[in-house]
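Residue strings, one per chain:
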Amino acid sequence: MSKPVINIKNVTKTYKMGEIEVHALRGISFDVQKGEVISIMGPSGSGKSTLMNIIGCLDHLTTGEYNLDGKDIANLDDDELAQIRNQKVGFVFQNFNLLARSTALSNVELPLRYAGQIENRLQLAEKALTSVGLEDRIHHKPSELSGGQQQRVAIARAIINNPAIILADEPTGNLDSKSGDEIMELLLGLNKKNGTTLIIVTHDPQIASHTRRTIQLFDGLIQERES
Amino acid sequence: MNFAQILREAWNSLTSNKMRSVLTILGIVIGVAAVIAMLAIGSGAQDTILNQISGIGTNLLFIFEGNEMDGTTTTQPLTLQDAQAITELFAAPHVDVVAPVIQSSGVVKYSGESKSTQIFGITPEYQDARNYELLEGEFVNEQNVNGRASVALIGVDVADKLFGQRDNLLGETIHIEGQPFRIIGVLAPKGGGQFGSQDDVILVPMTTAKSRLMNRDQNRVDIIYVKAISADSVPEATSEIEEILRKRHRTDLGENDFTIYSQQDFLSLASSITNIFTVLLGGIAGISLLVGGIGIMNIMLVSVTERTKEIGLRKAIGAKKKDILIQFLTESSLLSFMGGIMGIILGWILSSAIGSVASAQGVILEPQVGLEAIFLATIFSSAVGLFFGIYPANKAANLEPVEALRHE
Ligand SMILES: Nc1ncnc2c1ncn2[C@@H]1O[C@H](COP(=O)(O)OP(=O)(O)O)[C@@H](O)[C@H]1O
Ligand SMILES: [Mg+2]
Numbered sequence: 001m002s003k004p005v006i007n008i009k010n011v012t013k014t015y016k017m018g019e020i021e022v023h024a025l026r027g028i029s030f031d032v033q034k035g036e037v038i039s040i041m042g043p044s045g046s047g048k049s050t051l052m053n054i055i056g057c058l059d060h061l062t063t064g065e066y067n068l069d070g071k072d073i074a075n076l077d078d079d080e081l082a083q084i085r086n087q088k089v090g091f092v093f094q095n096f097n098l099l100a101r102s103t104a105l106s107n108v109e110l111p112l113r114y115a116g117q118i119e120n121r122l123q124l125a126e127k128a129l130t131s132v133g134l135e136d137r138i139h140h141k142p143s144e145l146s147g148g149q150q151q152r153v154a155i156a157r158a159i160i161n162n163p164a165i166i167l168a169d170e171p172t173g174n175l176d177s178k179s180g181d182e183i184m185e186l187l188l189g190l191n192k193k194n195g196t197t198l199i200i201v202t203h204d205p206q207i208a209s210h211t212r213r214t215i216q217l218f219d220g221l222i223q224e225r226e227s
Numbered sequence: 001m002n003f004a005q006i007l008r009e010a011w012n013s014l015t016s017n018k019m020r021s022v023l024t025i026l027g028i029v030i031g032v033a034a035v036i037a038m039l040a041i042g043s044g045a046q047d048t049i050l051n052q053i054s055g056i057g058t059n060l061l062f063i064f065e066g067n068e069m070d071g072t073t074t075t076q077p078l079t080l081q082d083a084q085a086i087t088e089l090f091a092a093p094h095v096d097v098v099a100p101v102i103q104s105s106g107v108v109k110y111s112g113e114s115k116s117t118q119i120f121g122i123t124p125e126y127q128d129a130r131n132y133e134l135l136e137g138e139f140v141n142e143q144n145v146n147g148r149a150s151v152a153l154i155g156v157d158v159a160d161k162l163f164g165q166r167d168n169l170l171g172e173t174i175h176i177e178g179q180p181f182r183i184i185g186v187l188a189p190k191g192g193g194q195f196g197s198q199d200d201v202i203l204v205p206m207t208t209a210k211s212r213l214m215n216r217d218q219n220r221v222d223i224i225y226v227k228a229i230s231a232d233s234v235p236e237a238t239s240e241i242e243e244i245l246r247k248r249h250r251t252d253l254g255e256n257d258f259t260i261y262s263q264q265d266f267l268s269l270a271s272s273i274t275n276i277f278t279v280l281l282g283g284i285a286g287i288s289l290l291v292g293g294i295g296i297m298n299i300m301l302v303s304v305t306e307r308t309k310e311i312g313l314r315k316a317i318g319a320k321k322k323d324i325l326i327q328f329l330t331e332s333s334l335l336s337f338m339g340g341i342m343g344i345i346l347g348w349i350l351s352s353a354i355g356s357v358a359s360a361q362g363v364i365l366e367p368q369v370g371l372e373a374i375f376l377a378t379i380f381s382s383a384v385g386l387f388f389g390i391y392p393a394n395k396a397a398n399l400e401p402v403e404a405l406r407h408e
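Chain order of the listed sequences is D and F. With the working numbering as the guide, the letters of the first sequence map in order to residues 1 to 227. With the working numbering as the guide, the letters of the second sequence map in order to residues 1 to 408.
Among the hints, a few may not be true.
Said to hold, decoys possible - Simulated restraints on C-beta separations:
1. F:His407 / D:Gly133: 28 to 34 angstroms
2. D:Thr63 / F:Val302: 27 to 33 angstroms
3. F:Phe3 / D:His203: 42 to 48 angstroms
4. F:Val302 / D:Asp176: 32 to 38 angstroms
5. F:Glu408 / D:Glu80: 34 to 40 angstroms
Claimed, not checked - Simulated pairs of lysine-lysine, BS3-like, Cα-Cα distance not exceeding 30 angstroms:
6. D:Lys178 / D:Lys193
7. F:Lys320 / D:Lys71
8. D:Lys141 / D:Lys34
9. D:Lys127 / D:Lys9
10. D:Lys34 / D:Lys71
11. D:Lys141 / F:Lys210
12. F:Lys321 / F:Lys210
13. D:Lys88 / F:Lys247
14. D:Lys141 / D:Lys71
15. D:Lys88 / D:Lys192
16. F:Lys309 / F:Lys320
17. D:Lys34 / F:Lys395
18. F:Lys321 / D:Lys16
19. F:Lys395 / D:Lys127
20. D:Lys141 / F:Lys320
21. F:Lys322 / D:Lys178
22. D:Lys127 / F:Lys322
23. F:Lys161 / D:Lys16
Note that these hints are calculated values from the structure, not bench results. In this text the structure is predicted, and so the values were computed from the model without any measurement. Beta carbons: idealized from backbone N, C-alpha and C, even for Gly.
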C-alpha cells in the first residue's frame with residue numbers, strides 16, 4: 001500500500017483540570033490507509049472522542065507524532081489547523097451541529113466560504129445535497145428537517161471540500177435505527193463511490209461489523225486490533 | 001467570505017433576536033440623538049447670540065474703566081472730560097459720535113404695576129450711537145440734560161409691563177426708584193431676547209440720573225459708547241482713543257487703565273463662551289453614547305456565550321480566528337451603525353422640536369444640525385460599536401474549538 005493517510009505514533013492527551021490530570025489517551029499508535037473504513041469502539045470515557053478530535057485537528061495532542069495526508073500536524077498553529085480542518089477533514093457529529101438559522105444550502109456551502117471560494121459555491125452545495133438525497137430540501141432550515149435528514153445535511157457539509165478523511169463521532173447516536181441504517185449506508189456508499197477514508201466511532205457492534213477494521217479503545221489505550 | 005456575505009450573516013443573526021437588537025440599538029439611538037441635538041442647540045444658541053451682538057452695530061466701540069488683563073492698581077475712572085476729549089476732531093478723526101453713559105438697575109412703578117429694569121443715564125448722542133428709533137415722542141435733548149429734567153424714555157418691554165400698551169403714553173408719570181418721571185418717548189423695539197434685552201430699559205438724562213437715581217462722582221461715567229465713522233475705521237478709532245486716554249490718564253509707561261471693546265471683541269468672546277457651552281453639552285450627551293456602547297458590549301458578550309457551540313462548529317469546519325472576529329465585530333458595528341443613523345434622524349427631529357418650543361416661548365433659537373455633526377455622530381457611533389465589540393469578538397475568536405463544541 002501507498003503512504004498512510006493517517007499516521008499516529010505514541011499519541012497521548014492529558015487534560016489538566018486544576019490539580020487533577022485526566023489521561024484521556026495514553027500512547028496510541030496506528031495507521032490508516034487511504035480509502036479505508038475504520039470503526040472505533042470502546043466504553044464511554046475510553047477516549048474515543050478525544051482521539052477523533054486529535055485526528056480531526058480540533059485539538060492539540062500532548063505528546064507523540066501525527067501525520068495527516070503527509071503533513072506533520074504537531075507543530076501547526078491555530079489558523080493552520082483551521083485550514084487543514086477546512087481542506088482535509090469532514091466532521092459528522094452525533095448531534096448534527098447545523099446552524100439553526102441557516103438553510104440546508106447555506107449550511108453546506110459554509111466550509112467553501114471559509115475556504116475563500118467565491119465561484120460555484122451554491123452549485124457545489126446543491127450537488128452535495130443531491131448526492132445525499134436531499135435535492136428537494138435545499139431551502140429547508142434544520143428545524144424543518146427530520147433527524148436523519150439533518151444528519152444528511154451534515155454529511156453533505158462534510159464532503160463539500162473533498163476531504164481526505166471523514167470523521168463521524170457516533171453519527172447514528174441520535175437517530176432511530178432505520179435512519180441510522182440509512183446514514184451508515186450513505187457513509188459507506190461515499191467510501192465505495194469516491195474512495196473517501198472513513199473513521200466512525202460507534203457503540204453498535206452491528207455498525208462496526210460493516211467496517212473491515214475496528215479499533216477497540218479502553219481507558220486511553222488500544223486494546224486489540226482486528227482485521 | 002466577502003463583505004456582502006458577512007453583512008448578510010450579521011443581519012440574519014441580529015434579526016433572529018429582534019427585540020434584543022432593537023433595545024441595544026435604542027441605547028445608541030438615544031446617545032447619538034442627544035449628541036446631535038445638543039450640538040445643534042449649541043450652535044443655534046451661538047448663532048442667536050452672535051446675531052444679537054452683530055445687531056449692536058459694526059462700528060460701535062465700548063470703553064470701560066480698568067483693565068482685566070492685569071488688574072491695574074491705580075485705575076482712574078472714566079469721566080465726562082474723557083468723553084469730551086475723544087470728540088476732538090483733530091485728535092480723533094475716525095470718531096463720529098461719543099456717548100457717555102451711567103447705568104444701574106432699578107425698580108419702576110406705575111399705578112400698582114412695577115418692574116425691575118435697567119436704567120441708563122444718557123446724553124442726546126446716545127440715540128445716534130445706539131441707533132435707537134422712537135415709536136412716539138422725542139429723544140432726550142440738551143435742554144433736558146442741562147435742566148436735569150425728570151423725563152424718561154421707556155423700552156417696549158417696560159411699556160408692555162406697566163401699561164399693557166405701547167402708544168399714548170406720552171406725559172404719563174412713572175416712578176423710578178420712588179422718583180416721579182414724565183414719559184417723553186417710547187423706544188422702538190430692537191428685538192433680541194435673552195441677551196441683556198435692549199427693550200427692557202429706561203433712558204433718562206444723565207444729569208438727572210446722577211442727582212436723583214445713582215450716586216456718582218460729579219464727572220464719572222460708567223461706559224463711553226463710541227461710534228466710529230465706519231466699520232473699517234474701527235481699528236484707527238481704537239488707537240486714537242487709546243492715545244487720548246493714555247495721555248489724559250498719564251499712563252504713558254504702564255498698561256492701559258481702561259479697556260476698549262469693539263463688536264468684534266464681543267463676538268469672539270461670545271463665540272468662545274458658546275463654543276465651550278456647546279462642547280460641554282455635546283460631552284454630556286456623549287456620555288449617553290458611551291452607555292449605549294456598553295450596552296452593545298453587554299449584549300455581544302451574551303451573544304458569544306449563547307453561540308459558543310456555533311462558534312465551535314464554525315471553527316471545526318475551517319473558520320479562522322479572523323473569520324470569527326470579523327463576524328462578531330460586524331454584528332456590533334452594524335448595531336451601532338443603525339443606531340447612529342436612527343439617532344441622527346431622531347436628533348434632527350428633537351432639535352427642531354426644541355427650536356419650535358423655544359420660538360413658541362419667544363426665544364429665538366434655531367438649532368443647526370451641521371453636516372460635521374452628522375459625520376461625527378456616524379463615525380463616532382460606528383467606532384463605539386467597533387470598540388465595544390472588540391472584547392466580545394476577541395473572546396469568541398479565541399475559544400478552543402473542542403471546548404466550544406462541548407458547550408451546551
Ligand atoms: N475537555 C476535557 N477536560 C477534561 N477532561 C476531559 C475533557 N474531554 C474529555 N475528558 C476526559 O477524557 C476522557 C475521555 O473522554 P472522551 O474522549 O470524551 O471519551 P468517549 O468519547 O470515549 O466517551 C474522559 O475521562 C473524559 O472525562
Ligand atoms: Mg464521545
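Structure-inconsistent hints, enumerated in ascending order: Per hint list: 2, 5, 8, 9, 11, 12, 13, 14, 17, 19, 21 and 23 violated.
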